[in-house]
Amino acid sequence: MTGAAIGFLVTVWSIVFITIFASLRRLTSAEAMKKAQK
Amino acid sequence: MNFKKTIDSAKLNHKKEGHIMAEQQQREEWGSKIGLILAMAGNAVGLGNFWRFPYQAAKNGGGAFMIPYFGALILLGLPLMLCEWQLGRYGGKYGHGTLGPMVYLQAREGINPKSAAIIGSIAGAFAFAVTLLVNSYYNHLIGWTLGYAVMSMTGGYMDTAKATGDIFVGYIQNPAQVFTFWVIALAGLAWAVMRGVQEGIEAWAKLMMPVLYVFGIILAIRALTLGAPVNPDWSALKGLNFVWNPDFSTLNWTSALAAAGQIFFTLSIGMGIVCNYASYLKPEDDVVVSSVAMISLNEFAEIVLGGSIVIPIAYSFLGPDGISAGVGLSFIALPNVFRAMPAGQVFGSLWFFLLFFAGFTSAIAMYNYLVALLEEDLGVERKKGALYIFFAYIIVGLPVGLEPILTKTADLAYFTEIDNWVGSYLLIVLGLIEVLVVAFFMKEKALTEINKGALWKVPNWFYNLFIRGLTPLTLAIVLFFSTKTYMEAGYFKLVPSFVAESPALVPWVQAARVVMLAVVIIGFMQSYRSIKTKYGKELESGKVSVYVD
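Taken in order, these protein sequences are the chains called A and B. Residues in the first sequence are numbered from 1 upward in steps of one, following this note's numbering. Residues in the second sequence are numbered from 1001 upward in steps of one, following this note's numbering.
Worth flagging that the hints you see were computed from the coordinates, not collected in a lab. C-beta: ideal position from N, C-alpha, C; glycine also. A hint or two may mislead.
Unchecked claim - Subject to a maximum C-alpha distance of 25 Å in a straight line, what follows is the list of computed BS3-like cross-link-like pairs (lysine-lysine):
(1) K34/A / K1457/B
(2) K1532/B / K34/A
(3) K1452/B / K38/A
Unchecked claim - Negatives, chain B to chain A, calculated, CB over 10 Å:
(4) K1033
(5) I1217
(6) S1290
(7) I1521
As the list claims (entries may be wrong) - If you want the footprint, here are the derived chain A segments under chain B, 3+ residues with CB under 8 Å:
(8) 10–20
(9) 25–34
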């Protein structure tokens, strides 16, 4: 694989993984907080 | 029942002067956030991720395709997704799960109710056409994947003496195989939808989506560790390089249009089905982080898994020419690979079951849209509604299954005509209607609605720059050039160019056109009736009077 391809792949995959992690974490922590408040 | 919510006079406790509250509505709700996100991801992750994306990327230059693809994701995908979640949650508050009344409710904020009803009815008609007719062939595709999954397990295509192309043609021309797996898939969908949002759709998504991701990860690891089994120049990593090498010199308008089309198809936007799922949210539920989670899970399935399975496998066994096999990549090219691979039957089964799960969780969304329509507008109970839609899909799906059997061809002209218009062109038109209504009729109220209960807030600049600027502009440009491309390809002709040399297929294309026209007219009348039933006084008086706080 060329350096440009590796760079492009790593950048995009990292954005996807970070976004999944951050969004799911935010949603689940908000739901847990709501449950705790009830 | 705990999953029912009631919008009644007790909840809508402050009656505004001169305003009539929406009548009592009972609607289901999602059971949990994870269930909702998996159902939404299941809605988006479909055959488009694993079957359509690889051949679109291969056909349009690999890395050259990825650049406009990400451009379209940011310019169209995210803003439209926010609009659709907002449209759906807002409509759900008024007891609507279908697009016609949802668009009406937002359009009436900027124009008089009569004009808003016309726009809502057009949107409703298109969504009705998409959910009824796209599923008419999509259900067949799911049936094929199930049939091929069974064939993988039984070794049905492993005989190297038979060409996989001939096996595929033999499959779609065999009524017993085609109709058996199609009806099994449809019955599974009916059963899931009958059980309701929480116990049916959500429960299936919680089971199927994790399995789908696990199968995808196993297949991706296998694909990337294949090495170069046939030719030292054809390695799996070279296939991956083809997808990710950002070659700006090969960028062109055709790949940009294909990328925009792929974004609509993969995210299930411009169909009304995201709005339908969002209608089962509570009024204060977040839509911003949920949209982002849905998109990122979809992109994981598409660019990480979809991009790492088909193209590397096809490249390592078939070389650079093999990856441009188009729609036949999954059903014709890959079975060749599974024949040659160690434990090919196992990996073939995993691949076709993955496609089946992906298709199934998307088809449920289209199915549920129509059941919601029957429930809300005609008062049909969910179980009966699911049964009626089962038979409706049998009727509209019959021509798709019968054409290859009766004509002894494999051109799928009826399918192609429906896909060209309802499965591709209409999505862009509907997306444009939605964003225009949200941005220019609902105006700033739409941003307030999007940010209501949001765990991350959408800033003003994003709303003004994208939803009120770049997104509708880009959509208008895409629509203009799509129309030009369609004209050049001869799709507007009385006898479209793609069947001009095959007279036997012309009646199938004309039948598809009659069906599409009839469905759009019925959809328009049904949507208008639905709006008029609930908001008739507004249409008569020209003043907005029905509000749910």
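Comparing the hints with the structure gives:
{"no.": "1", "hint": "K34/A / K1457/B", "verdict": "19 Å, holds"}
{"no.": "2", "hint": "K1532/B / K34/A", "verdict": "39 Å, violated"}
{"no.": "3", "hint": "K1452/B / K38/A", "verdict": "21 Å, holds"}
{"no.": "4", "hint": "K1033", "verdict": "5 Å, violated"}
{"no.": "5", "hint": "I1217", "verdict": "13 Å, holds"}
{"no.": "6", "hint": "S1290", "verdict": "7 Å, violated"}
{"no.": "7", "hint": "I1521", "verdict": "41 Å, holds"}
{"no.": "8", "hint": "10–20", "verdict": "holds (count 6)"}
{"no.": "9", "hint": "25–34", "verdict": "holds (count 5)"}
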